[in-house]
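Going down the list, the sequences are from chains A and B.
Last residue of the first sequence: 357 in this note's numbering, with the numbers rising by one and none dropped.
Last residue of the second sequence: 292 in this note's numbering, with the numbers rising by one and none dropped.
Keep in mind that the hints were calculated from the coordinates and are not lab data.
Nothing here was measured: the structure is a model prediction, and the numbers come from that model.
The beta-carbon is built from N, C-alpha and C at its ideal position, and this holds for glycine as well.
Hints may be right or wrong, so weigh each one.
[Claimed, not checked] Derived, one-sided and incomplete: chain B residues facing chain A with beta-carbon distance under 7 Å:
id	residue
1	Val82
2	Ile109
3	Leu116
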Amino acid sequence: MSGHWFDGVSPRAAKLLTLLCVALVLFPLIASDYLITVLILILYFAYVGQAWNLMMGFAGQLSLGHALYVGLGAYAAAALYVHFGVSPWIGLWAAMAIAAVAGGVIGFLALRFGVAGVYFAILTIAFAEFARLAFDHWPWVGGSAGFFLPVANYASNDLINLRGSPTMFYYLLLAMTAAALVSCHALLRSRAGYYWLAIRESPEAAQALGVDLFRYKMYVVVLSAAMTSLGGVIFAFYYNNLFPEQVFHISRSIELILAPIIGGIGTLFGPIIGAFLLTTLAEGLGELMRLLGIDVPGVKQVFYGLCLLVVVMFLPDGVWPPLARRLKLEQQRSQGLAER
Amino acid sequence: MPASIFLNVAASGVLTGLVYGLMALGLSVIFGVVRVVNFAHGEMMTIAMYMAVVLFSAYHLDPLLMLLPIAGVLFALGYVMQAGLINPFINRPEHSQFMLLVAVAMIMVNALLLIFGPDARSVQTAYAYDSFQAGPLIVDAAKVYAALAAAAVAAGLFAFFRYSLLGKAIRACADNYQGALVVGLDVRRLYALTFGLGAACVGAAGCMMVLLVDVTPPLGPSSTLLAFVIVIIGGLGSMPGALLGGMLIGLTEALAGLLFTPSAKSMFAFGMLVIVLLFRPQGILGKSAS
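Just chain A, same shape as in the assembly (with noise of 0.2 Å):
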């Protein structure tokens, strides 16, 4: 394993990847708190788009229930915590655990009675969607009326329970972030990296070729729902609050792939160009709302909607392919799709 971190990244590349490392590690000495929350959530979405990523980008199954993960993983290691007194820590463990059999459920089933493409799409919704009305009606969780996690005292972090201030659930996302990025690199440098590659591109061949498709599919969806989770666990402590209609619902599954389709699929960087392009988008609209002095709903997200549409039209690979030709990072371009 040891031999794949950082191979095949250019000198160039490791070195912006330094400079942007730096600075997003400096950035909360000059940001006021209002910048730190936006990047709190470009950093959340990066880092669950890059496990969304990891399903789709790379083996190329479709999920559309992927806030079916981040769910399980919130009300896990939330409801321990608050119930039992556990330490996320130690709840963390609980959330992967938990998401990962139900991605493996889901992942069984559908392979097992060959439910693929927009078949296979729909049974993740459909499987989100369910455990949105179910947790609507388990009152150990608080059922719709929601769950609350002790109000975090901003004075001092403790970490050991993630009851602390922003800057220190920025620390935390930047450090998962970064972590999915190298790790998803080196995966796709270890031997299953190829083999999904492979089921990706074409699935009989890489049948023919000797790859265990239902082994290699079960590994990726499990993996990833075990990665989205963390992202949920970290949800749970940053908002303090979980609704079912709201962790569960399918716009928030919607809205957990945007990033990486808009930043490139199945590129190792799109989903957190992706994230910032989104995330800075939406807050710019709002700002820009505000000093107009335009307070209707609905007025943001239509030019979000027609953001999305022509970025989706003009640019079918996504941000990252072309930029990263521009920037001469040409090394990326073989994971794209590109060639599709």
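Using the hints, position chain B against chain A.
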């Protein structure tokens, strides 16, 4: 609980289900021919519902009488959407088409929110509180009218696809894309017509739905989901399947609302979807996967 309550609830569920079925029929027709999943389907229905509400409150025009003009407007909307937006995406990967329609859906929901606000709107027809009685069976008049209209529109669509030359041409595109190109069919125009027809279907369904439920912008996304569930249960691409699926879901929702709590009613629909996907992925009336 007396049996007559069950009977009444079941009957009203099936009647509502026919309207659901017509809505889903539009989705099924579009997917069956164009092979694109219309993620903006429910949103298009709410557009039709708002049109019916506006026409009713301004001119007192009954939604069922306005069915044809509203379906016509939706046909035009669907035609333009396919010709202008979706045709260039036909050969792109699924996730790309999905994103396109999600963006369209987002624009539609929020444009409606912008124009009409978040409050629920409804139509108060003169027959809103009438009912028909046959023995122990009592059903709302509005539901009966809506279901009859849905059945009539569906029958018209079946006849169109079965007997008209244009309908046959569209079916040819769905059966064999390359073959259709070879014999010189203008596939892109036929796709646009099909999307228009699917949109007209959902527009007609909207005119009926407005008699049954209040309309708010978020009704769009949840109807899209409901339409997915119905067509998959009935069989994606199967026209009778969509109607059957609609009636089944209407029935399940009504009975679940009676026996459990109304807020959990969709859980049974999703549960049913999972079971159908696993044991009969092509749907109850769908042809097995090619």
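Results of checking the hints against the structure:
1. With 7 Å as the threshold, the beta carbon of valine 82(B) stays out of range of chain A, its nearest partner Cβ sitting at about 14 Å, so the hint is violated.
2. Contact between isoleucine 109(B) and chain A, as hinted, is supported at the beta carbon level, the nearest pair being about 4 Å apart and thus within 7 Å.
3. The criterion of a C-beta within 7 Å of any C-beta in chain A is met by leucine 116(B), whose closest approach is roughly 4 Å, and the hint holds.
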